[in-house]
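Q: Chain by chain, the residues run as shown.
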Amino acid sequence: MKKLSDEFVWKALKEGDLKAFSILYKTYQPRLYNYGLKISGNIPVTEDTLQDFFIYVYEHRENLSDLDSIAPYLFSSYRRHLIRTLKKRSKIVSFDEMDVKIIDIQFTPEEIMTHQESETFKDKNISILLNKLPKRQKEAIYLKYYSGLNTNDIANIMEVNYQSVANTIHKAIKNLREEVSILELLNS
Amino acid sequence: MAKKNYNTIEDFLLDESFNNWSKENRLTDVDFWDEWIAYNPEKKELVNEAKDIILGIQFKHTEPNKEKTNADWAVLENILKAKNIEEQKKQAPNYFRFIGIAASILLLVTLGIYTLNPTKVVYKTAFGEVLNLKLKDGSLVTLNSNSSMYYYENNNRKVWLTGEAFFEVDKKETTNAKFWVITDDLKIEVYGTSFNVDTKHEKTAVFLEEGRIWLALKNGTTKKMIPGNYLSYSAKENTVLDEKNNLNSHLKTSWKNGSITFDKLFLKDAIKKIEETYGIKAAFKDEESKYKIITGAVPITNLDICLKAIEKSVSVHIEKVNNQLIIKNRTEN
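So the protein sequences, as listed, match chains H and S. Numbering follows the numbering used here, with no gaps: position 9 of the first sequence is 9. Numbering follows the numbering used here, with no gaps: position 97 of the second sequence is 97.
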């Protein structure tokens, strides 16, 4: 019941309805754009791959399985699409753990709210602390708190299991808390 | 509320009342956990870690703006249209395909994902249909059957409602932004809370489940509500019709979980609810069945099951003839 609108848009889209596709595009393009930019760090690459990706989704709409939620599907396949392009561009031949090496999200101070709900993170230089985290922890934090996805969806996108995502997020927060307490010790 | 052991971080994360405490959402949960932590000082580190995971980090959204997205869509739409024409040239015209597209457009209208003009967003439900919505600001709305709601795209925190809806409004701590619900009778001013609004029967009835809201009635007076308060007001009659405290929240808001709850109602009054929900008329064959007393819950999106449940619980016979219900006492047969 909850994802009625998602499901409906998906069905109409499968029938080739451009109006439905524009709803899908306008809902997800900004979020995917930002994600793509975080992964690639390159505006033209993000724009090109994103337009290509949406054309791909539209052209292959008939092969898509019915989904009760579109967001995890779009995030994970756009991620794969983008990584493939980046690999080609950088002409890397060895593909071992390539994803992990490629995806290195950087946070800037401007995108962190000055008012943090958590006492721990209030008035701290969070972006610097975030950037110190291991790559996978950064991506998990990004997908959870920036993109607002749930643990299940993040597991799909990062191609790991649920528990592993949960652990990654716990570790990331734990690391941040430790960094904050070290900072406080130094400043006192 | 807490009743089990809390040993791992998951135990805390999965606990609803712990989540409420972390977000300072609900007074009873806040009190409970403040006390719990005082009695379990060895769990303090775990508790603080779990709290930080729940609260997370607040980001500013630096996504591309609307104009950019719309411009990119215009480019893409032309590419896709060109592709569609190519496709159609290859295929013979297909009647069924056209029907599919027409049906999907019709569905768009009935399911309520259509826009009247570029800035107005409207949601509508048919009889026997309930729609769950998540607004852009994170607020949740459950729209009951035969109801409609709209807002302007640039501000989803001001909505106009006809019919019935349940709101769970997301608090905007950073900006203190208020949320408004406007009906024919009154305006509701909200700041992070959950409540029910019902505008059926030429009045507006508001029930507050959690948090605090202010009402601005059409006659100019304002009223503050606290959890458990119920108030109904008619602008036409310019009077407060009903005001109650500590109402059982289940009776007023059970519809959002897909059922209507009857608490010792006469069958005739329960049937009125069924008529509203399913947009159907009912007639009683005898006086006796009108005054049978019914207690229990029936579904609001499946008429057949709903009628069967009523037949069983009060031993009447309900027949559906031309979209009308004929109700008669079972013992008469």
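Because the hints were derived from the structure by calculation, they are not lab data. Remember, predicted model here, so these are calculated numbers, not experimental data. Cβ coordinates follow ideal geometry from the N, Cα and C atoms, glycine included. Do not rely on the hints blindly, as some may be mistaken.
Just a few of them, taken from the derived set where beta-carbon distance is under 7 Å, the chain H residues facing chain S [stated by the list, open to error]:
id: 1; residue: 25
id: 2; residue: 29
id: 3; residue: 56
id: 4; residue: 73
id: 5; residue: 116
id: 6; residue: 117
id: 7; residue: 162
id: 8; residue: 163
Q: Could you check if residue 73 of chain H really has its C-beta closer than 7 Å to a C-beta on chain S?
A: violated, 18 Å
Q: Identify whether the interface hint at residue 25 of chain H stands, where standing means a beta carbon of chain S within less than 7 Å of its own.
A: holds, 5 Å
Q: Hold the hint about residue 116 of chain H up to the distance rule: shortest CB distance to chain S must be less than 7 Å.
A: Interface hint status for residue 116 of chain H: holds (6 Å vs cutoff 7 Å).
Q: Using 7 Å as the Cβ threshold, decide whether residue 163 of chain H counts as touching chain S.
A: Where the cut-off is 7 Å and the nearest Cβ of chain S is about 9 Å from residue 163 of chain H, the hint is violated.
Q: Would the hint on residue 162 of chain H be counted as holding, given a Cβ-Cβ threshold of 7 Å to chain S?
A: violated, 11 Å
Q: May I ask you to test the interface hint for residue 117 of chain H with respect to chain S, counting a Cβ-Cβ separation under 7 Å as satisfied?
A: holds, 4 Å
Q: Does residue 56 of chain H meet its interface restraint, that is, does its C-beta lie within less than 7 Å of any C-beta in chain S?
A: violated, 11 Å
Q: Classify the hint on residue 29 of chain H as holds or violated, based on whether any CB of chain S lies nearer than 7 Å to its CB.
A: It holds, given that the least Cβ distance between residue 29 of chain H and chain S is near 5 Å, below 7 Å.
Going down the numbered hints, you'll see the structure goes against 3, 4, 7, 8, while the others check out.
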